[in-house]
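Protein chains in written order, with this note's numbering: chain A, 7 to 315; chain B, 7 to 315; chain C, 7 to 315.
Which copy is meant is left open, so a pair is good if it fits within one copy or across any two.
Once the Cα atoms are required to be at most 25 Å apart in a straight line, the calculated SDA-like pairs of lysine to any residue come out as: (1) Lys93 / Ala197; (2) Lys93 / Leu251; (3) Lys93 / Arg250; (4) Lys93 / Gln118; (5) Lys266 / Ile216; (6) Lys93 / Pro116; (7) Lys93 / Asp244.
Calculated from the structure, these hints are not laboratory results.
Predicted, not measured: the structure shown is a model, and the values here were computed from it.
Listed below are the residues making up each chain.
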Amino acid sequence: MSVLHRKDILRTDLLSDEELELILSTAARFEGELQAGGRLHNMAGQILATLFFEPSTRTRLSFETAMQRLGGGVITVADSKTSSAAKGESLADSARTVAGYADVIVIRHPRQGSAQEVADAVDVPVINAGDGAGQHPTQALLDVYTIQKETGAREGLTVTLAGDLKYGRTVHSLSHLLARFGCRLFFVAPAGLEMPARITADLRKVGAEIGETTDLVAAVGESDVVYMTRIQRERFEDPAEYERLRGSYVIDSALLQQAKPGITIMHPLPRVGEIALEVDAYEGAAYFRQVANGVPIRMALLALVAGRE
Amino acid sequence: MSVLHRKDILRTDLLSDEELELILSTAARFEGELQAGGRLHNMAGQILATLFFEPSTRTRLSFETAMQRLGGGVITVADSKTSSAAKGESLADSARTVAGYADVIVIRHPRQGSAQEVADAVDVPVINAGDGAGQHPTQALLDVYTIQKETGAREGLTVTLAGDLKYGRTVHSLSHLLARFGCRLFFVAPAGLEMPARITADLRKVGAEIGETTDLVAAVGESDVVYMTRIQRERFEDPAEYERLRGSYVIDSALLQQAKPGITIMHPLPRVGEIALEVDAYEGAAYFRQVANGVPIRMALLALVAGRE
Amino acid sequence: MSVLHRKDILRTDLLSDEELELILSTAARFEGELQAGGRLHNMAGQILATLFFEPSTRTRLSFETAMQRLGGGVITVADSKTSSAAKGESLADSARTVAGYADVIVIRHPRQGSAQEVADAVDVPVINAGDGAGQHPTQALLDVYTIQKETGAREGLTVTLAGDLKYGRTVHSLSHLLARFGCRLFFVAPAGLEMPARITADLRKVGAEIGETTDLVAAVGESDVVYMTRIQRERFEDPAEYERLRGSYVIDSALLQQAKPGITIMHPLPRVGEIALEVDAYEGAAYFRQVANGVPIRMALLALVAGRE
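Given these sequences and hints, build the entire structure.
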């Protein structure tokens, strides 16, 4: 049994180096076995419950795929409006009920701290699939896995994170992980959507080299990886301001010309214009490979917490 | 093949003693095999269709888990608004269509008699997962299974049923089963929500010893099991009356002090205050074990009607 | 590997005779194996993604059943309102994401040409489960499979297609297939809902013998098969006109008396009065067998495009 057996996966900053390595290497092993045409039975006879208290089709499908690729079964609550929560049941009671059915629970909930609340209520392992302004550890892990696969490295890279860095939960967790690997980070965000000061302070505390700018061109000129995120219209009071800013945080062929040769382009998806369609043909355009990497990462997590890796 | 092969499970009162024993013993066998780490394949290659014409997440997940624990597959219609019923298709036609896909059908429908209607329309076995004011036999069966597991007995127990006994479909079926086992029953309900007279008359006819009271304390003082149910706000014209009554039908630590030592506490869930959170730590608090017992009971039913026990 | 390996199934008119035969014979083989109690593992370890951008419970359940009967797993997006499309993601991007999870994609979408769009975007095989006014090839294939099974023949039959022939996507594809087999066709439709002239012209071009009439009685008197479709209320401005016409396109026992003996009665379902309930007992009433035939046809398609037949 691994160090992660019976553990909850709630935040990336609680993962030890050993645990992190184990997740990444297990994911790589599973991916290799699938690509070789192998069939896996690690989770045969086991049930995963995915509880989505807010919609996230991509994350839900990725977990359901991962569990089934391992031979396991899935039960899903995708619409909380028709669930017992509507009858006034507490989250802890809903979780304890589902723990009577399933061997692992995945929870997505709009309230920060909800995943911890579920983990405290049940005996089965819990994986956080996003808890509001909190964490989304499986996304950060698949991002790191993607960077490693695409660049062949992980340490000492220069990575630009661009777009909405204030509300983008993903970039917060990812920054922490990249800082641990000694990456140099550029944060490129419009005024008002900058990386929160407490996060940059944290990152500098662990020795990260950080540059903050509004100049995307300059940043990608020095970066091995650029990680784009969506700027959401609802963050702006003035629609014209939104349109203006949005246009300045787009990767297109012209920008690619000014980027460091071989740069890897990532995006957690869905994109809504942040990456021009013409970029899709560029071989470093990794965003659809990135989303596919969610499957081996989640396979690894499921098998590890269930003690069936 | 067992006596239940190709049978429908529509109501508990139609089950013979032999059938009842078979269900309970098969559930116990499956539960033991799962707990020993065994993997079951009884329903491998088979398909269960779960048709939910009203939401019941708990019951749906329990059946889906049961089928998958037996190695079978599941197709689900969880939202009748997007189904063919919305185009004006009759329930019988919808059922006959699904019978072209599945080996067993589970139906939940708000109209009393709907499960019988489906059973009349199709050749595959049908299990009633609740038909309005009618029956909910799998809930009653898992309740009996729980009582037997928790108390180590079944016959000659004293059981208090408390809360909304008028509209609570579950307590009607359960009372009948407990009366068959020679249990003594206390019915504790606020005025207006008492057990219907026709049911108490029926129960007395089969020789049941029944006490009716509004005094929960007195009842639990003599009971081996107390079965709480939710009192629904919408049953009351006067909200103040609801709040007053609701408060007097709560199990908390203070009440536990006055209960018979070792009393088993049950609830079909979700609870909305009928059992204080402080009671969860009490070892006789059986409600979350009760909900988990829905899986082996439903595994037994699925395998028995499919002739694959 | 068959000629259909890695192919998309988007329209019936693009299928060669060889491909058509392969689909029908593979379906018959799978159906035989299931009926003999066999268990199939062709798609073991594989994942089917079913993307339903408009509801179609029947088609969705049929595909999910087919995949699971072959031992495969399923992920489903049944409600586009909660999917990434709601965040502004393009259909092509949604498809590319899902292609990172699944081995085969089934798509249902209200926009004509959407299935082709998905097929162009991804590397995995795509099956069209209905694209608006476009095609619904798997329905046409299961219809042909049913005609062959029910009549024991396929070539040289006389087939009446009745009801809404203008908007009925299914009857368009089916007519083309039947014309290829040299069937004689009667089109029976109320004024305003006739088979479009471009389709009858196409059919005559390939040598089909076609009769157009409003007289259902005369047509069924000479037909081996009658294929009824639903006339939708919303096609009529005048509700009285709808009620009048609707009543004249109904198969009941009286009409059956005037039909060719042994006539096979089909309907894509759901029916809303086009076939009287009294007809269900007639042995040539094939509509519920027809809907069940969707499973072996879709099993055949899944296995063939995945190269696992």
